Amino acid sequence: MDFSVILRAVGSLAVISGVLSVMISISEKVLNNYGICEIDINNGARLLKVEGGSTLLNTLAGEKIFIPSACGGKATCGLCKVKVLEGTPSGLLPTEEPYINQEERKQNVRLSCQVKVKGNMKLEIEEELFNIKEFICDVEDITDMTYDIKRVRLKLAPGETINFKAGQFMQFYSKPYGKVKEVVFRAYSISSKSSEHDHIELLFRLVPGGICTGYVHQALKVGDKARMSGPYGDFYLRGNCEELIMIAGGSGLAPIRSLVYEVIENNLPHKMRFFFGANTLKDLYYMEEFAQIQKDYPQFTFIPCLAFPEAEDEWTGVTGFVTVALEQQIQNGEGKEAYLCGSPGMLDACIKILKDKGFTDQTIFYDKFS
Amino acid sequence: MPQISPIVIFFASIITSNMILSNFLGMCSYLSISSEYKTATGLGMAVTLVLTLTTFINWAIYHFVIVPLEIQYLSYIIYIMVIAAFVQILEMAMDRYTPDLYAKLGIFLPLITVNCAILGVTLFMVIRQYGALQSLVYGLGSGLGWWLAINMLAAIREKLKKAKLPPGISGPAISFIITGIMAMAFIGFSGIFTIQ
Ligand SMILES: Cc1cc2nc3c(=O)[nH]c(=O)nc-3n(C[C@H](O)[C@H](O)[C@H](O)COP(=O)(O)OP(=O)(O)OC[C@H]3O[C@@H](n4cnc5c(N)ncnc54)[C@H](O)[C@@H]3O)c2cc1C
Ligand code: FES
Chain A
1 MDFSVILRAV
11 GSLAVISGVL
21 SVMISISEKV
31 LNNYGICEID
41 INNGARLLKV
51 EGGSTLLNTL
61 AGEKIFIPSA
71 CGGKATCGLC
81 KVKVLEGTPS
91 GLLPTEEPYI
101 NQEERKQNVR
111 LSCQVKVKGN
121 MKLEIEEELF
131 NIKEFICDVE
141 DITDMTYDIK
151 RVRLKLAPGE
161 TINFKAGQFM
171 QFYSKPYGKV
181 KEVVFRAYSI
191 SSKSSEHDHI
201 ELLFRLVPGG
211 ICTGYVHQAL
221 KVGDKARMSG
231 PYGDFYLRGN
241 CEELIMIAGG
251 SGLAPIRSLV
261 YEVIENNLPH
271 KMRFFFGANT
281 LKDLYYMEEF
291 AQIQKDYPQF
301 TFIPCLAFPE
311 AEDEWTGVTG
321 FVTVALEQQI
331 QNGEGKEAYL
341 CGSPGMLDAC
351 IKILKDKGFT
361 DQTIFYDKFS
Chain B
1 MPQISPIVIF
11 FASIITSNMI
21 LSNFLGMCSY
31 LSISSEYKTA
41 TGLGMAVTLV
51 LTLTTFINWA
61 IYHFVIVPLE
71 IQYLSYIIYI
81 MVIAAFVQIL
91 EMAMDRYTPD
101 LYAKLGIFLP
111 LITVNCAILG
121 VTLFMVIRQY
131 GALQSLVYGL
141 GSGLGWWLAI
151 NMLAAIREKL
161 KKAKLPPGIS
171 GPAISFIITG
181 IMAMAFIGFS
191 GIFTIQ
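Just so you know, the protein sequences line up as chains A and B, in that order. First residue of the first sequence: 1, per the working numbering; consecutive thereafter. First residue of the second sequence: 1, per the working numbering; consecutive thereafter.
Note that these hints are calculated values from the structure, not bench results. It is possible that some hints are incorrect.
Stretches of chain B that chain A covers, calculated by requiring three or more beta carbons in the stretch to come under 8 Å of a beta carbon on chain A [claimed, not checked]:
1. 64 to 78
2. 83 to 94
BS3-like cross-link-like pairs, simulated, lysine-lysine; straight-line CA separation at most 25 Å [as the list claims (entries may be wrong)]:
3. A:LYS181 - A:LYS165
4. A:LYS122 - A:LYS106
5. A:LYS116 - B:LYS38
6. A:LYS150 - A:LYS181
7. A:LYS368 - A:LYS165
8. B:LYS164 - A:LYS74
9. A:LYS106 - B:LYS38
10. A:LYS74 - A:LYS64
11. A:LYS133 - A:LYS106
To give an idea of the chain A side of the interface with chain B (calculated C-beta under 7 Å), a few residues [said to hold, decoys possible]:
12. ILE16
13. GLY18
14. LEU20
15. ILE24
16. SER25
17. LEU31
18. ASN33
19. GLY35
20. ASN120
21. ILE142
22. ALA157
23. GLN299
These numbers come from a predicted model, not from an experiment. Note that beta-carbon positions come from the ideal geometry of N, C-alpha and C, so glycine has one too.
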């Protein structure tokens with residue numbers, strides 16, 4: 001074959017793709033350049049001058065204002081809501097629609113991970129969110145609680161403290177490791193006592209193929225630095241009742257442990273019943289600790305339920321799903337509040353039973369670990 | 001260059017040579033994004049816009065670059081690059097100037113790049129040796145035809161939501177059946193215009 005043919009083919013392809021990429025980068029420069037934008041938060045309480053062009057969530061994070069987010073901006077958690085009063089088209093993106101109800105639509109609530117900063121904006125953000133801080137902690141200890149759950153104990157930087165309500169969660173940032181090049185952040189509930197202000201503990205259940213839990217299980221070591229922000233969330237003790245019904249599965253135990261300690265450390269009068277669901281004996285953890293609490297504080301009852309106990313487990317406790325235990329042991333919703341944590345499937349099943357028993361949206365509180 | 005009137009090409013590409021109903025091109029987004037009338041309309045609009053413009057751009061590239069350089073064997077790669085680049089730029093421009101429409105189309109815009117109807121129209125345009133105006137009109141007509149077909153399917157599927165279907169055929173199966181029936185109905189138009 002003639003050499004010039006090859007040259008012409010390669011050359012023309014190179015020139016055409018070159019021209020196209022130059023056109024794309026020019027359009028990007030021209031079209032995606034929104035200059036410096038002013039963001040007015042809560043009617044002048046904070047005024048920010050930021051570079052336009054990226055999402056509101058990331059822009060605000062760059063200014064140290066941390067909007068809650070469990071999915072890291074993928075529009076799958078619906079936690080990153082803010083009120084956008086001015087500065088963005090009123091129509092919702094298709095990605096936002098499942099998370100914004102009619103009431104919120106009227107108030108211009110949007111998902112901040114989907115809205116782009118394209119000009120001056122006016123926002124309304126809950127005051128509380130200004131208290132959310134970023135922490136760089138030392139990993140002090142990593143303990144295997146079960147074959148797939150690790151407890152990570154983190155020490156805050158000297159002089160730094162955290163104030164959180166038992167039940168709230170942190171956003172934990174992964175780092176690139178192995179083949180994973182991205183940095184992601186995910187929500188993890190705080191399992192330690194809210195009276196401890198210089199340490200926090202998180203429980204990580206390994207999700208096969210999961211980026212963040214993979215990082216913690218495979219790469220994170222004692223002595224490493226870990227980055228997180230928080231505290232977030234409205235899953236915390238209300239206590240307008242006599243008895244707290246607590247229900248958890250897997251790593252959902254984390255916020256419940258914190259809640260139980262909040263009640264007993266503050267000498268609150270509430271009775272507590274904690275239903276903990278697992279498949280087999282090897283999925284149970286913190287058993288001795290909860291047994292000890294039950295001994296020391298008669299107001300607390302611990303009810304572990306095994307769905308599929310194996311013969312060698314020699315299980316004598318409740319056998320079956322948590323829903324079975326709930327069905328049998330809870331008569332009605334009078335004077336009770338329910339706190340649930342765990343996988344969406346389990347939560348939905350339990351909430352249905354609780355509602356049949358007379359619990360309402362005002363007495364059921366939950367965090368879905370989705 | 002065949003002397004077919006652009007008006008004939010326009011109507012033929014909508015009705016008798018409909019991209020979906022007579023060529024069965026662009027089926028995957030047609031099937032997957034036709035469960036709601038509103039979104040189907042958005043996608044149809046975007047496909048029409050991209051088809052019209054890329055067919056014309058590819059016409060110019062074919063005649064002013066590919067033919068003079070005699071690199072016809074690279075034409076497929078070049079068309080696809082042009083379509084991908086064009087969709088990217090269009091996305092940015094819409095984000096900037098028509099944010100409302102951009103918001104409505106959302107992820108359907110980038111999906112258009114891989115819609116085979118777009119490449120199909122470009123290839124037909126080359127094979128049939130259309131001129132500039134003919135290509136423009138052909139792109140527009142094909143887009144409108146695709147839009148018409150997806151809207152019809154979406155409208156029928158919305159009605160079907162309330163119907164009782166035998167369990168085995170709900171979902172893609174019934175969509176194929178509907179499409180087949182629509183295609184047969186469109187055969188009724190054949191002979192009014194011919195462009196092939
Ligand atoms: C409010 C809140 C509190 C949470 N608290 C905790 C906690 O205390 N401890 C804890 O371990 N997790 C907790 N989670 C879940 C956690 O945020 C992550 O979703 C989870 O750890 C998976 O992250 P990943 O990066 O490893 O997986 P990803 O890379 O995000 O996901 C990989 C794949 O696994 C699927 N997947 C994601 N999550 C789960 C899951 N839970 N089970 C099965 N499949 C899944 C995804 O769909 C995806 O296909 C909480 C979530 C929320 C919203
Ligand atoms: S960050 Fe999860 S939906 Fe926006």
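Hint check results:
With 8 residues having a beta carbon nearer than 8 Å to a beta carbon of chain A, the segment 64 to 78 of chain B meets the requirement of three or more and the stated coverage holds. Counting residues of the segment 83 to 94 of chain B whose CB falls under 8 Å from any CB of chain A gives 5; the rule of at least 3 is met. The straight-line distance between the Cα atoms of LYS181 of chain A and LYS165 of chain A is roughly 34 Å, outside the 25 Å bound, and the hint therefore fails. A threshold of 25 Å between alpha carbons decides the hint, and for LYS122 of chain A with LYS106 of chain A the separation of about 16 Å falls inside it, so the pair holds.
The hinted pair formed by LYS116 of chain A and LYS38 of chain B meets the criterion: a straight-line CA distance of about 24 Å does not exceed 25 Å. Distance check on the hinted pair: LYS150 of chain A and LYS181 of chain A sit about 23 Å apart at the alpha-carbon level, within 25 Å; holds. As the CA atoms of LYS368 of chain A and LYS165 of chain A are separated by approximately 18 Å, the hinted pair is consistent with the 25 Å bound. Restraint check for LYS164 of chain B and LYS74 of chain A: the C-alpha separation of about 36 Å exceeds 25 Å, so the hint is violated.
Of the supplied pair hints, the one linking LYS106 of chain A and LYS38 of chain B holds, its CA atoms being roughly 21 Å apart against a limit of 25 Å. Restraint check for LYS74 of chain A and LYS64 of chain A: the C-alpha separation of about 20 Å stays at or below 25 Å, so the hint holds. Of the supplied pair hints, the one linking LYS133 of chain A and LYS106 of chain A is violated, its CA atoms being roughly 30 Å apart against a limit of 25 Å. For the restraint placing ILE16 of chain A at the interface with chain B, the shortest Cβ-Cβ distance is roughly 6 Å, inside the 7 Å limit, so the hint holds.
Against a cut-off of 7 Å between C-beta atoms, the interface hint on GLY18 of chain A is violated, since the closest Cβ of chain B lies about 11 Å away. At about 4 Å, the closest approach between the beta carbon of LEU20 of chain A and any beta carbon in chain B falls short of 7 Å, and the interface hint on this residue holds. The closest approach between the C-beta of ILE24 of chain A and any C-beta of chain B is roughly 5 Å, which is under the 7 Å cut-off, so the hint is satisfied. At a threshold of 7 Å, the smallest CB-CB gap from SER25 of chain A to chain B is about 10 Å, leaving the interface hint violated.
The restraint placing LEU31 of chain A at the interface with chain B holds, with a minimum CB-CB distance near 4 Å, inside the 7 Å limit. Checking ASN33 of chain A against chain B by beta carbon gives a least distance of about 9 Å; that is not within 7 Å, so the hint is violated. The beta carbon of GLY35 of chain A is not positioned within 7 Å of any beta carbon in chain B (closest approach about 12 Å), and the interface hint is therefore violated. Because the smallest distance between the Cβ of ASN120 of chain A and any Cβ of chain B comes to about 15 Å, over 7 Å, the interface hint for this residue is violated.
A distance limit of 7 Å between C-beta atoms decides the matter here; for ILE142 of chain A the minimum to chain B is near 39 Å, and the interface restraint is violated. For ALA157 of chain A, the interface hint is violated, the least distance from its beta-carbon to any beta-carbon of chain B being 40 Å, above 7 Å. With its C-beta approaching chain B no nearer than about 52 Å, GLN299 of chain A sits outside the 7 Å limit, and its interface hint is violated.
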